[in-house]
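Which chain is which? The protein sequence lines are S and D, in order. The opening position of the first sequence corresponds to residue 1 in our numbering, with each subsequent residue numbered one higher. The opening position of the second sequence corresponds to residue 1 in our numbering, with each subsequent residue numbered one higher.
No lab work stands behind these hints: they were computed from the structure. Some hints could be false.
Using 25 Å as the maximum straight-line C-alpha spacing, the simulated BS3-like pairs for lysine-lysine come out as follows [what the hints assert, rightly or not]: (1) S:Lys67 with D:Lys432; (2) D:Lys331 with S:Lys53; (3) D:Lys331 with D:Lys350; (4) D:Lys374 with D:Lys363; (5) S:Lys53 with D:Lys431; (6) S:Lys67 with D:Lys431; (7) D:Lys431 with S:Lys61; (8) S:Lys289 with D:Lys221; (9) S:Lys61 with D:Lys168; (10) D:Lys206 with S:Lys97; (11) S:Lys53 with D:Lys374; (12) D:Lys331 with D:Lys368.
Here the structure is a predicted model, which means the values were calculated and not measured.
Below are the chains, spelled out letter by letter.
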Amino acid sequence: MMTGLGATVTRAGRRLLSSLPALFGVLVFTFLLMRVLPGDPAVFFASGPNAGKEEIEQIRKQMGLDKSVPEQLVFYLSDIGQGNLGRSMMTGQPVLKDLRERLPASLELTFTALLIALIAAVPLGVIAALRPGSVVDHGVRLFCALGVCVPTFVSGLLLIYVFYYLLGLAPDPTGRIDVFTSLPPQRTGFLLIDFLLAGDVEGWWTACKQLILPAVSMALFVIAPLARITRASMLVSLGSDFVRTARSVGLSWRKVVVTYALRNAILPVITIAGIVFSTMLGANVLVEKVFSWPGVASYALDALLSSDYAPVQGFVLLMASLFVLVNLVVDICYGIADPRVSIE
Amino acid sequence: MRFVSFRPATSVLAATALLLIANAPSQAQTRAETLRYVTGASVNTLDPNIPGSTRESFALSMSTYDRLVAFGRKQLNGKWVFDLDTITGELAESYDVSPDGLKLTFRLRKDAKFQDGSPVTAEDVKWSLDRCVTAPILGKAQLLTGSLTSADQFKVIDPLTIEVTLPKPDKLALPNLATVYPMIINSKVAKAHATPDDPWATAWLKEHTAGSGAYVVETFKPGEQVILKRDESWNRGSANKPAFFKRVIVQSVPEPATRANLVERGDADLVVDLQPSDVQSLEAKGKLKVISTPQYNAITYVSMNNQIPPFDNVNVRRAIAYALPYDDMFKAALFGRGAPLFGATWPDGKPLNGIYPFQQPVKMDLDKAREYLKAAGLPEGFSTTFSFNVGQSSTAEPMAALVKESLAKIGIKVDIQKLPDAQMSTQINEKKLPFFTEGIVAWLPSTDYFYRNFYTGNQRWNYSSINNPDLAAIAQEARFEPDKAKYEEAGRKLNAMHMDLMPQIMLWQPNQDAVMASSIEGYTYEFHRQVDYRDVSRK
Numbered sequence: 001m002m003t004g005l006g007a008t009v010t011r012a013g014r015r016l017l018s019s020l021p022a023l024f025g026v027l028v029f030t031f032l033l034m035r036v037l038p039g040d041p042a043v044f045f046a047s048g049p050n051a052g053k054e055e056i057e058q059i060r061k062q063m064g065l066d067k068s069v070p071e072q073l074v075f076y077l078s079d080i081g082q083g084n085l086g087r088s089m090m091t092g093q094p095v096l097k098d099l100r101e102r103l104p105a106s107l108e109l110t111f112t113a114l115l116i117a118l119i120a121a122v123p124l125g126v127i128a129a130l131r132p133g134s135v136v137d138h139g140v141r142l143f144c145a146l147g148v149c150v151p152t153f154v155s156g157l158l159l160i161y162v163f164y165y166l167l168g169l170a171p172d173p174t175g176r177i178d179v180f181t182s183l184p185p186q187r188t189g190f191l192l193i194d195f196l197l198a199g200d201v202e203g204w205w206t207a208c209k210q211l212i213l214p215a216v217s218m219a220l221f222v223i224a225p226l227a228r229i230t231r232a233s234m235l236v237s238l239g240s241d242f243v244r245t246a247r248s249v250g251l252s253w254r255k256v257v258v259t260y261a262l263r264n265a266i267l268p269v270i271t272i273a274g275i276v277f278s279t280m281l282g283a284n285v286l287v288e289k290v291f292s293w294p295g296v297a298s299y300a301l302d303a304l305l306s307s308d309y310a311p312v313q314g315f316v317l318l319m320a321s322l323f324v325l326v327n328l329v330v331d332i333c334y335g336i337a338d339p340r341v342s343i344e
Numbered sequence: 001m002r003f004v005s006f007r008p009a010t011s012v013l014a015a016t017a018l019l020l021i022a023n024a025p026s027q028a029q030t031r032a033e034t035l036r037y038v039t040g041a042s043v044n045t046l047d048p049n050i051p052g053s054t055r056e057s058f059a060l061s062m063s064t065y066d067r068l069v070a071f072g073r074k075q076l077n078g079k080w081v082f083d084l085d086t087i088t089g090e091l092a093e094s095y096d097v098s099p100d101g102l103k104l105t106f107r108l109r110k111d112a113k114f115q116d117g118s119p120v121t122a123e124d125v126k127w128s129l130d131r132c133v134t135a136p137i138l139g140k141a142q143l144l145t146g147s148l149t150s151a152d153q154f155k156v157i158d159p160l161t162i163e164v165t166l167p168k169p170d171k172l173a174l175p176n177l178a179t180v181y182p183m184i185i186n187s188k189v190a191k192a193h194a195t196p197d198d199p200w201a202t203a204w205l206k207e208h209t210a211g212s213g214a215y216v217v218e219t220f221k222p223g224e225q226v227i228l229k230r231d232e233s234w235n236r237g238s239a240n241k242p243a244f245f246k247r248v249i250v251q252s253v254p255e256p257a258t259r260a261n262l263v264e265r266g267d268a269d270l271v272v273d274l275q276p277s278d279v280q281s282l283e284a285k286g287k288l289k290v291i292s293t294p295q296y297n298a299i300t301y302v303s304m305n306n307q308i309p310p311f312d313n314v315n316v317r318r319a320i321a322y323a324l325p326y327d328d329m330f331k332a333a334l335f336g337r338g339a340p341l342f343g344a345t346w347p348d349g350k351p352l353n354g355i356y357p358f359q360q361p362v363k364m365d366l367d368k369a370r371e372y373l374k375a376a377g378l379p380e381g382f383s384t385t386f387s388f389n390v391g392q393s394s395t396a397e398p399m400a401a402l403v404k405e406s407l408a409k410i411g412i413k414v415d416i417q418k419l420p421d422a423q424m425s426t427q428i429n430e431k432k433l434p435f436f437t438e439g440i441v442a443w444l445p446s447t448d449y450f451y452r453n454f455y456t457g458n459q460r461w462n463y464s465s466i467n468n469p470d471l472a473a474i475a476q477e478a479r480f481e482p483d484k485a486k487y488e489e490a491g492r493k494l495n496a497m498h499m500d501l502m503p504q505i506m507l508w509q510p511n512q513d514a515v516m517a518s519s520i521e522g523y524t525y526e527f528h529r530q531v532d533y534r535d536v537s538r539k
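All chains, please: the whole structure from these sequences, using the hints.
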């Protein structure tokens with residue numbers, strides 16, 4: 001066991017190192033891409049009713065755009081080296097501060113959505129695989145197809161319409177917490193955790209209520225790939241020799257399906273979950289917009305529309321780093337789910 | 001196992017009970033005394049002077065800072081709007097304009113205090129105005145339009161009197177002092193946070209306030225929300241008492257449908273940026289108060305670049321002006337919510353008055369349009385692009401489709417171009433777009449101001465890139481024209497030239513649709529096109 005863990009850690013470390021060049025590449029690529037895109041941020045931000053040439057020049061200077069591109073790149077890289085991601089013109093704050101405040105919001109939403117999706121998708125996939133071709137299987141297929149077909153912002157708006165507007169069950173869809181509730185002292189940035197740490201159960205429940213609708217509308221979208229992959233790999237697993245053997249020696253249904261078949265079938269699900277998580281984090285921009293969720297994706301979209309370079313670059317860097325991290329976690333999960341993976 | 005699950009449950013219950021008891025009184029107190037204002041925009045700085053600040057930041061600063069003077073308000077078709085011609089004291093108790101119009105003297109209120117309790121002095125006023133014309137901030141370009149350009153123009157006479165001298169009797173000097181930028185800052189506090197690189201404390205004031213305004217900033221989360229608390233000692237309002245609401249929450253809600261839901265459910269009190277379709281359905285339901293004011297200092301145009309062929313030919317521009325389906329566009333884009341600037345009748349072919357913007361005597365007439373095209377030597381038509389920005393797509397998209405359809409009938413082939421906002425402004429600035437739709441706004445809407453800023457010079461706001469020396473000269477002369485009749489005459493001349501040259505086509509002035517709970521009163525359309533939180537109260 002110890003050697004297994006050790007091997008996993010070494011492998012993870014090696015993976016981390018080998019991803020550094022890729023991160024650097026992403027950094028330079030985004031930087032250049034932003035400069036190549038048409039649209040001059042200085043002109044956009046100098047849009048007061050009397051802003052003229054002078055203001056535009058001034059903003060250009062402030063954003064460092066008066067220098068040549070190679071010079072800008074050198075400055076940018078040295079800033080990154082010092083942990084400075086620049087300043088956003090849009091919010092007027094340092095990008096690092098913006099991202100630090102907004103990332104927990106996005107993560108909390110994405111984690112919850114992924115959790116809901118997994119809790120729903122894995123049993124659905126297993127049930128479908130146990131009775132392939134049955135009404136249940138077709139029902140699951142239909143549900144998944146619907147989930148994928150309906151764009152997240154449509155399901156989000158529908159959920160708001162039904163649960164907030166018509167029934168009045170959900171709180172108003174404006175961000176992570178009711179405006180009249182005071183925030184807990186910030187420790188992790190995850191409201192659900194911070195409220196618990198502060199012992200404020202009522203606050204926890206407020207935050208939880210705000211989270212349910214956006215998380216469900218995101219989960220609906222990703223249930224399909226997860227359930228389909230669970231079903232497919234369960235089918236393979238259920239048809240394999242070891243399951244037939246287990247059945248033939250008269251092991252209980254539970255032991256056969258859950259312990260042997262599912263554990264062997266879960267590997268591809270973990271891979272997909274990792275990919276789904278990363279995509280969700282970047283792609284939940286529509287949900288964030290609909291629910292006024294102060295997350296990183298809507299922040300990056302706003303920045304992109306106004307050609308605000310620093311936040312977009314910061315966001316891409318963050319996403320790339322998260323991708324690396326998620327892949328690491330997936331690797332480690334592999335090792336736990338299937339110790340053979342660690343043996344090289 | 002049982003013990004473990006049992007104990008947290010009881011402690012959770014106990015904690016909940018305790019919290020409920022503790023929270024009960026503080027929650028009941030505030031809702032009626034709180035204004036919850038939702039908007040699609042966001043506040044990005046506490047100092048509106050910072051380049052890049054949003055309109056929402058302008059509105060916020062009106063409540064957190066005072067100015068020397070303020071605009072009064074008047075009724076226009078039964079709705080309250082700001083009044084450029086009535087200027088009342090805000091921090092100034094009274095003011096005098098010398099007979100030659102070159103000297104403005106302001107006497108400050110004796111009881112005016114900054115939010116930290118220190119009195120407002122003429123020194124603070126001078127420092128703030130100096131900052132506005134000296135520091136590299138937005139105020140500089142604005143005050144220039146009122147002949148306020150140098151710190152030498154502001155003189156402290158005594159601790160409560162300040163004198164402003166002008167090189168010319170500029171009508172716009174006094175109104176300029178009531179705009180967003182020349183706010184009065186507590187100079188002692190600001191100076192304490194100034195650095196050698198930043199002598200005007202712009203970095204610090206971006207995230208802190210040091211003013212004497214009606215509201216104190218309680219929390220400021222850029223891009224999310226700002227919570228304001230009333231300053232109980234503030235008495236610059238109309239009735240010598242503090243502002244009505246104890247608390248104001250300014251919250252960013254990007255999705256317009258959600259904003260509509262919020263205000264309809266009564267969770268939000270006031271919103272001014274809904275989609276015209278939502279406003280119409282909310283108005284039809286009749287539960288909420290909807291106040292629609294044509295934005296009489298804003299105009300939406302279809303612009304043509306007068307320097308790029310074929311639009312450099314006046315007959316092509318006239319052809320376009322007679323080929324647009326105005327009524328359909330007005331309905332499709334705005335649901336008719338606004339004041340049209342087309343379809344007037346000029347009985348003797350002359351402008352009805354000298355006020356800009358004015359209703360042009362144009363309407364869709366395809367035969368006339370074809371004639372003009374023929375006169376321009378392009379009877380077969382031509383191809384061009386029509387651009388608008390993504391931020392305006394809800395109104396511009398249906399409009400663009402109609403323009404395309406209608407121009408196709410006279411042989412002009414139009415490709416619709418939807419550009420991201422930053423790209424659109426860049427291309428406008430570089431004068432690269434031949435044919436597009438855009439809007440403008442003027443804080444101090446007077447005829448000469450419009451013509452000087454939007455029809456002259458090689459600068460961004462001259463959308464049509466018109467370069468007509470006669471027009472520029474008349475507008476420049478009108479600026480300092482003291483005689484009302486002569487000014488009116490100049491205005492008529494300019495309007496006639498506009499109709500003749502047709503540099504761009506004025507479409508309409510969109511409505512500002514303020515939707516609010518029926519208990520909200522006192523809403524006024526302000527020059528900055530946002531809500532002044534000090535105006536509103538609850539019945």
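Here is how each hint holds up against the structure:
no., hint, in the structure
1, S:Lys67 with D:Lys432, "holds, 24 Å"
2, D:Lys331 with S:Lys53, "violated, 37 Å"
3, D:Lys331 with D:Lys350, "violated, 28 Å"
4, D:Lys374 with D:Lys363, "holds, 19 Å"
5, S:Lys53 with D:Lys431, "holds, 14 Å"
6, S:Lys67 with D:Lys431, "holds, 23 Å"
7, D:Lys431 with S:Lys61, "holds, 22 Å"
8, S:Lys289 with D:Lys221, "holds, 17 Å"
9, S:Lys61 with D:Lys168, "violated, 34 Å"
10, D:Lys206 with S:Lys97, "holds, 15 Å"
11, S:Lys53 with D:Lys374, "violated, 39 Å"
12, D:Lys331 with D:Lys368, "holds, 23 Å"
The structure is inconsistent with the numbered hints 2, 3, 9 and 11, although it conforms to all the rest.
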